[in-house]
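S.K.: Respectively, the protein sequence lines represent chains E and W. According to our numbering, the first sequence is numbered sequentially starting from 35. According to our numbering, the second sequence is numbered sequentially starting from 569.
Think of the hints as simulated: they come from the structure by calculation, not from any bench. In this text, all values refer to a predicted model and were calculated from it rather than measured experimentally. Do not take every clue at face value.
In silico SDA-like links for lysine to any residue, alpha-carbon gap of 20 Å or less [to be verified]:
{"id": "1", "chain 1": "W", "residue 1": "K813", "chain 2": "W", "residue 2": "A797"}
{"id": "2", "chain 1": "E", "residue 1": "K183", "chain 2": "W", "residue 2": "F805"}
{"id": "3", "chain 1": "E", "residue 1": "K183", "chain 2": "W", "residue 2": "K813"}
{"id": "4", "chain 1": "W", "residue 1": "K683", "chain 2": "E", "residue 2": "R152"}
{"id": "5", "chain 1": "E", "residue 1": "K86", "chain 2": "W", "residue 2": "S688"}
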Amino acid sequence: MKSAPEPPLSRRVAIVGAGIVSPLGFGLAEADEALRSGQDRVAPVTSFSVDKTRCKTAAAVDDTRLLEGRRTRRERRLHRVSHMVVDALDELLQTSGNFQPQIAIVGTTSGGMTFGERFYRSLAQEDSRAPGWIANYPPQKAIVDALEKFSIDAPVQVIANACASGTNAIGQAFAAIRAGRYDRVLTGGYDAISELVFVGFDSLQASTPEKIRPFDAERSGMVLGEGAALLALEEWDMASARDAEILGEIVGYGISTDNHHLTQPNPDGNGARRAMQGALETAGLAPEKIGYINAHGTATLFNDAAEGKAISELFDQVPVSSTKGMMGHSLGAAGAIEALFSLIALRGQFLPPNINFRSADQPLAIIANEAREADFEYALSNSFGFGGTNASIILRKVDA
Amino acid sequence: MITYLGRCSWVTPLGCDVDDVWRRMNADERAPLSSITDSDIGREYFVHRISAEAARTLANHPRLRRVSAISRFAATAGLAALEGTNLPLERIALVFAISNGGVIYTRRFYAEIAKANTASPLLFPETVFNAPASHLAAILGLTGASYTVVGDGAVGVSALKLAEDLLHTIDIDACLVVGAEEIDPLVCEAYRRWHLLCHPPASKTGMTLSEGAGAVLLTRSEQEFRVSAIDHGTNYFRRSELPAKMRRVAANLACPPGVGSANGTFLDDAEEKAFGQVLYSPKKFLGESVGASVLWQLIAALQFLRNAAGLAEISAIATGVNQQLGGFSLAR
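Given only the sequences and the hints, what does the whole structure look like? Please build it.
M.R.: Shown next as structure tokens:
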């Protein structure tokens, strides 16, 4: 005998707060401005040697701003990714009022990996800083630090689904509220650039020595980025009842696993297509309702080919851009950052540009190089990762 | 909706047969200690490893040709937990709990970077946290929801909670929950410098690391045993907070905890302060397997339910050394 499922709940999920730190700036307002003007924040890497790597560039969060004012001994011991999450949470709490989550569901791939690197390099001597690096390196530490900073008592669920982590986290938070498992969830993602990951992508020749050119016919690979983005999700009626400002709505989530290869998507686009279809089905939307797709768009040959194929088969000339051209690929943070970029675009009714674009090799409606105004209600954001994890979410504009 | 416990399995330093390992634990048999040495710094560590004999029986599959040990442990436990199930694979989700992940390949990869600023592309993909889950999904042919969750020794509770949430939120019949860990001298050295490692003869307290995996199939199909509570717990920011937070978690469980996570570190004192005693801990026999440890606690709790006359319900508290804790209850 099978345990009967509970009656299907389909509660609405409101976004009642948001915060972001990325190479495109600190806070939603700076991100909005950078997206509209198509900023390119990719620059030479200076934090470790890139003498022997093909790729020499990445998009980093400005450390001068990130670390300023962190004066206490405890603050100085934390990893910079913890500071990114603290700042994102600070902005979120300012926009959401007294948001008290029941759980934090966040995504990351490597958290404070550079502390692990420092520890490895210190093995030859008994460095007194080593215990601090070890204690502050684990991937869950950044969100725990941020919760502590703001005295928020909530468990954390840290999803490490490679580059889909952030979207998986938001999607699972959405699904859990929708089904009545929780009423308020803090969600999002974070990651910081590290030498290990940088050299890793370089060793796979997935990163480029050239400009990152998502969906361009002559694309040659990705560059890394970093950052943190958080969203406060709340059951719609509860948010309305307390007169919370509702910034947007999440209406759909799809997840699939593509067993083709550990690091490459199935070239037929099957995994990506199933994730997008799942999101449309959850939302009860026809593909033509989608007005903007924030693509995963890493600018690698394989990703953009498979994703482009899936998009062109499912949608009819929906405007598409990858914002990774502006700030690189922030891995576990990417899905969360790009969800907020989609929210900013919906609220501002503009389409963020796919910069460094020259010519297409697929039948996609690429938003080439310049942002443009648009009238649309729904945006879809994709994230696909190593291990064949694929995730898509759909956001809806909410009228003020 | 009730979440039932389907088949479970483990790969431990005492063996891979659930009943046989349980019998040996009840006879107070401890997993043998073996030593590993960090060739870079010449330091020796004592750990509990999967025996060479057991290693020869681990899962074999083309996808596992170049993988790190953790993926083999996980595949073996995962396949055993699914043995005999006739559920359609597309209706089974996967949740994987992990702490240090593929640390053997991670160390090898970064060692190459530290020496030469460049490294082998064969190693990098195995360093990604969800690589073991990906291999397992590919071997089993699972194509739906797959999540890897990362955390400290309590991460398995996070995995159980996520699995239960998935059973309630998406149209699936079952969720396979796997926890796994592998040992590398780098992890031993990290815990040593953090003053948490038992390092005889210099120290007699502290934990002894171990490796392996645990797996359980959570299902909506009626079974003899069920999950009666999962408390996702919270975070502790200072060790002094731990006893009170342990008591808080225990209050949210279906009955007082009978299984704990004492491992020779400050967790033992915290349990004693919280409950007046150090609780029964499988870590005493099998060592601290971090990412796999909650699954081992769950299997131990289930074995109590199966074998202790008159016992209808049992709870476990899971506490990690890096700020996380939670708990669960099982019932007949």
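S.K.: Are the Cα positions of K86(E) and S688(W) separated by 20 Å at most?
M.R.: holds, 13 Å
S.K.: Is the hinted pair K183(E) and F805(W) satisfied, with a Cα-Cα distance of at most 20 Å?
M.R.: holds, 10 Å
S.K.: For a C-alpha distance cap of 20 Å, please report whether K183(E) and K813(W) respect it.
M.R.: holds, 18 Å
S.K.: Given the hint that K683(W) pairs with R152(E), does the C-alpha gap stay at or below 20 Å?
M.R.: Holds, at about 14 Å.
S.K.: Please verify whether K813(W) and A797(W) have alpha carbons no more than 20 Å apart.
M.R.: holds, 17 Å
Violation of the numbered hints given earlier is absent; every hint is satisfied by the structure.
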